[in-house]
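Using the sequences plus the hints, can you model the full thing?
There are 2 protein chains.
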Amino acid sequence: MLNYLKDSRELLLRFFDSFFLGLDADYRKINRWGPDVLARMNSFVTGGKMVRGSLVRLTHDMSEGTHGDEAIAAGAAMELFQAAFLIHDDIMDRDVTRRGKPSVHAQYAEVAENEAVDDSLHIGEALGICAGDVALFLAFEILGTLNVNGEIKGKLLYNFCRELEYVGLAQMADVYHGAGRDAVSRENILALYRYKTGRYTFSLPFTAGLILAGRDDAVIEQFTLLGEKLGIIFQIKDDELGLWAHEEELGKPVGSDISENKKTLYREILFERARDDDKKRLLKIFGNKKIGPGDIGYIRSLLESSGTRNEVENLTNRFSEEVRTIIRSLPATQPLWKDRLLELLDYNRQRTK
Amino acid sequence: MLNYLKDSRELLLRFFDSFFLGLDADYRKINRWGPDVLARMNSFVTGGKMVRGSLVRLTHDMSEGTHGDEAIAAGAAMELFQAAFLIHDDIMDRDVTRRGKPSVHAQYAEVAENEAVDDSLHIGEALGICAGDVALFLAFEILGTLNVNGEIKGKLLYNFCRELEYVGLAQMADVYHGAGRDAVSRENILALYRYKTGRYTFSLPFTAGLILAGRDDAVIEQFTLLGEKLGIIFQIKDDELGLWAHEEELGKPVGSDISENKKTLYREILFERARDDDKKRLLKIFGNKKIGPGDIGYIRSLLESSGTRNEVENLTNRFSEEVRTIIRSLPATQPLWKDRLLELLDYNRQRTK
Numbered sequence: 053m054l055n056y057l058k059d060s061r062e063l064l065l066r067f068f069d070s071f072f073l074g075l076d077a078d079y080r081k082i083n084r085w086g087p088d089v090l091a092r093m094n095s096f097v098t099g100g101k102m103v104r105g106s107l108v109r110l111t112h113d114m115s116e117g118t119h120g121d122e123a124i125a126a127g128a129a130m131e132l133f134q135a136a137f138l139i140h141d142d143i144m145d146r147d148v149t150r151r152g153k154p155s156v157h158a159q160y161a162e163v164a165e166n167e168a169v170d171d172s173l174h175i176g177e178a179l180g181i182c183a184g185d186v187a188l189f190l191a192f193e194i195l196g197t198l199n200v201n202g203e204i205k206g207k208l209l210y211n212f213c214r215e216l217e218y219v220g221l222a223q224m225a226d227v228y229h230g231a232g233r234d235a236v237s238r239e240n241i242l243a244l245y246r247y248k249t250g251r252y253t254f255s256l257p258f259t260a261g262l263i264l265a266g267r268d269d270a271v272i273e274q275f276t277l278l279g280e281k282l283g284i285i286f287q288i289k290d291d292e293l294g295l296w297a298h299e300e301e302l303g304k305p306v307g308s309d310i311s312e313n314k315k316t317l318y319r320e321i322l323f324e325r326a327r328d329d330d331k332k333r334l335l336k337i338f339g340n341k342k343i344g345p346g347d348i349g350y351i352r353s354l355l356e357s358s359g360t361r362n363e364v365e366n367l368t369n370r371f372s373e374e375v376r377t378i379i380r381s382l383p384a385t386q387p388l389w390k391d392r393l394l395e396l397l398d399y400n401r402q403r404t405k
Numbered sequence: 053m054l055n056y057l058k059d060s061r062e063l064l065l066r067f068f069d070s071f072f073l074g075l076d077a078d079y080r081k082i083n084r085w086g087p088d089v090l091a092r093m094n095s096f097v098t099g100g101k102m103v104r105g106s107l108v109r110l111t112h113d114m115s116e117g118t119h120g121d122e123a124i125a126a127g128a129a130m131e132l133f134q135a136a137f138l139i140h141d142d143i144m145d146r147d148v149t150r151r152g153k154p155s156v157h158a159q160y161a162e163v164a165e166n167e168a169v170d171d172s173l174h175i176g177e178a179l180g181i182c183a184g185d186v187a188l189f190l191a192f193e194i195l196g197t198l199n200v201n202g203e204i205k206g207k208l209l210y211n212f213c214r215e216l217e218y219v220g221l222a223q224m225a226d227v228y229h230g231a232g233r234d235a236v237s238r239e240n241i242l243a244l245y246r247y248k249t250g251r252y253t254f255s256l257p258f259t260a261g262l263i264l265a266g267r268d269d270a271v272i273e274q275f276t277l278l279g280e281k282l283g284i285i286f287q288i289k290d291d292e293l294g295l296w297a298h299e300e301e302l303g304k305p306v307g308s309d310i311s312e313n314k315k316t317l318y319r320e321i322l323f324e325r326a327r328d329d330d331k332k333r334l335l336k337i338f339g340n341k342k343i344g345p346g347d348i349g350y351i352r353s354l355l356e357s358s359g360t361r362n363e364v365e366n367l368t369n370r371f372s373e374e375v376r377t378i379i380r381s382l383p384a385t386q387p388l389w390k391d392r393l394l395e396l397l398d399y400n401r402q403r404t405k
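Protein sequence lines correspond, in order, to chains A and B.
Numbering of the first sequence is given in this note's numbering, commencing with residue 53 and proceeding in unit increments.
Numbering of the second sequence is given in this note's numbering, commencing with residue 53 and proceeding in unit increments.
Just so you know, nobody snuck in bad clues.
FRET-style restraints, in silico, Cβ to Cβ: (1) A:D76 / B:S357: 42 to 50 Å; (2) B:G74 / A:N240: 20 to 28 Å; (3) A:N240 / B:D391: 52 to 60 Å; (4) B:K81 / A:L388: 30 to 38 Å; (5) A:L173 / B:G346: 25 to 33 Å.
Cut-off 16 Å, straight-line C-alpha distance, at most; resulting in silico cross-link-like pairs (EDC-like, lysine to aspartate or glutamate): (6) B:K304 / B:D145; (7) A:K341 / B:D171; (8) A:K336 / B:D170; (9) A:K341 / B:D170; (10) B:K342 / B:D145; (11) A:K405 / A:E300; (12) B:K341 / A:D171; (13) A:K405 / A:D290.
None of these hints come from the bench; they were simulated from the model.
Ideal placement from N, C-alpha and C gives every residue a C-beta, glycine not left out.
Below you can see the structure in the form of structure tokens.
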């Protein structure tokens, strides 16, 4: 599976090379921001792991579809959507680092600062909002001009739009939960993981590949469910990395979920299990912008000693079992592909960034 | 023309009624923000004049196309794009009023404030960014599922995406100019008007209607040029209204272009013509967030006495002549339609909001 992801990433990189090159002349005509946005976007999308984009190709290829080039293009669109969301999210979360570099709005704030433009932080955010919007339009340009028949194109676009709308709504819940003082139930947290990560990161690219390959709705439903479960595991891993990863490898600050008071599953279970005196201390740490390594260390050890880490591990094991059951029940395909899906589960659980 | 716009608006309102109703059940399943966004979006889009949406129908109908329903739907998508841009723009410009009501991010800041959520202003902005994104996806959902053949759909989506990308780039220039201290040349100002307003507000809906009606590229080019010129006139009128309109009728604060230091044509010509002592005073007013009626009154009278208002009027007359020439040269159509386009020019020049 890792080789398959690596090969797919290569194909996506090649697509982006010629895609951005093809836009260059037109964009230069508009204003200085035309080539500027293309360069930053190219650097941004090619700096990611491109898992989402690769998954479009995966389900297309395992269905032996005939739209290989279009699956790469749709995968590239998927990566541009992800870029747009990350650019907008970083503004909402005030994150200044992403993929090991300054986040896009932070880059723009620096441009404004260097050119002695007033109000440079706000201008950076404003330019970031615009750049994210442009990334969305570029993604739709790719999808809208795919060389597929009208029925496939309509179905594909409908699926993308609906899921992206739901991601937007889930992001609203995420932002609002982060700022709110109330606890968020496990049920609501899992609902958020389902829409913001599961359906978006896995079900959507799975579905895109299947639609391109002309598969029927029953198969799409199975893969949608598979994607939801894989996505919840992926998100829990993301939360885990946000607490325990090596910062350099992760490419963004460890502990930012704590200072942003993200209502993760770890946090919720920790509060369910913590003693009153620990709770008091935790309430002072979560949502505090100025936490240090000591605070993170304290939370890490409490996650272990309270049994929280163990409980989350058990939950992940349960979801993993469900994933294996779904993979076994998928329609007949070459064993190779089922193995790859199982490897995707392992990758999801073992990744370090 | 006014009657035609009114009728089109009615048809768009009817479309939106059933569109939002059709989304309601699915959106309710996601979270509290699903129905919330739909309600705010419905109120927002139906509060506008819907000129852009109506223009899609106009060029489709004057071409005697057979996609009447699709022209209304594409017009509705146009209005949703506009809603998304306005929601994002208001965050960038820190405008808290729009269409006579609190702007969307200001509404969300109030929700957060009322529910004792921390950092309510920022949370309002974050929710506004998301709501704008959702509006974009809804617009693409409409376009992606139009009942037209694959060729028309591809051409339509390509056109929409490219122009929207350029609007994003033009908005970046606009934001950046506003914050910068340097003068912006007339040429750059007109280039901005062309992409941010002309091609987007007129050429794009014109083109959408023509594509739906199956018109060829030569006609689309003529209408694109017509749209650019009409749009520059529209933008100059917008600038004029921002200086001289009645605030209640306009639905947003008069003078905000001054406090935001927008590099309008009026501002540029005023600085070209002002005496040194006036220039000093002007520099203290433009970009100042705390200007009062006295400052606006001073600028108004200087715009008159310096001959700036007159020069802009002459420029507008020149563009109007060019518009009339293009309309006369359009391919043969019933005289009624050419008259309507001429009335659109008049409307553009005479509107009071």
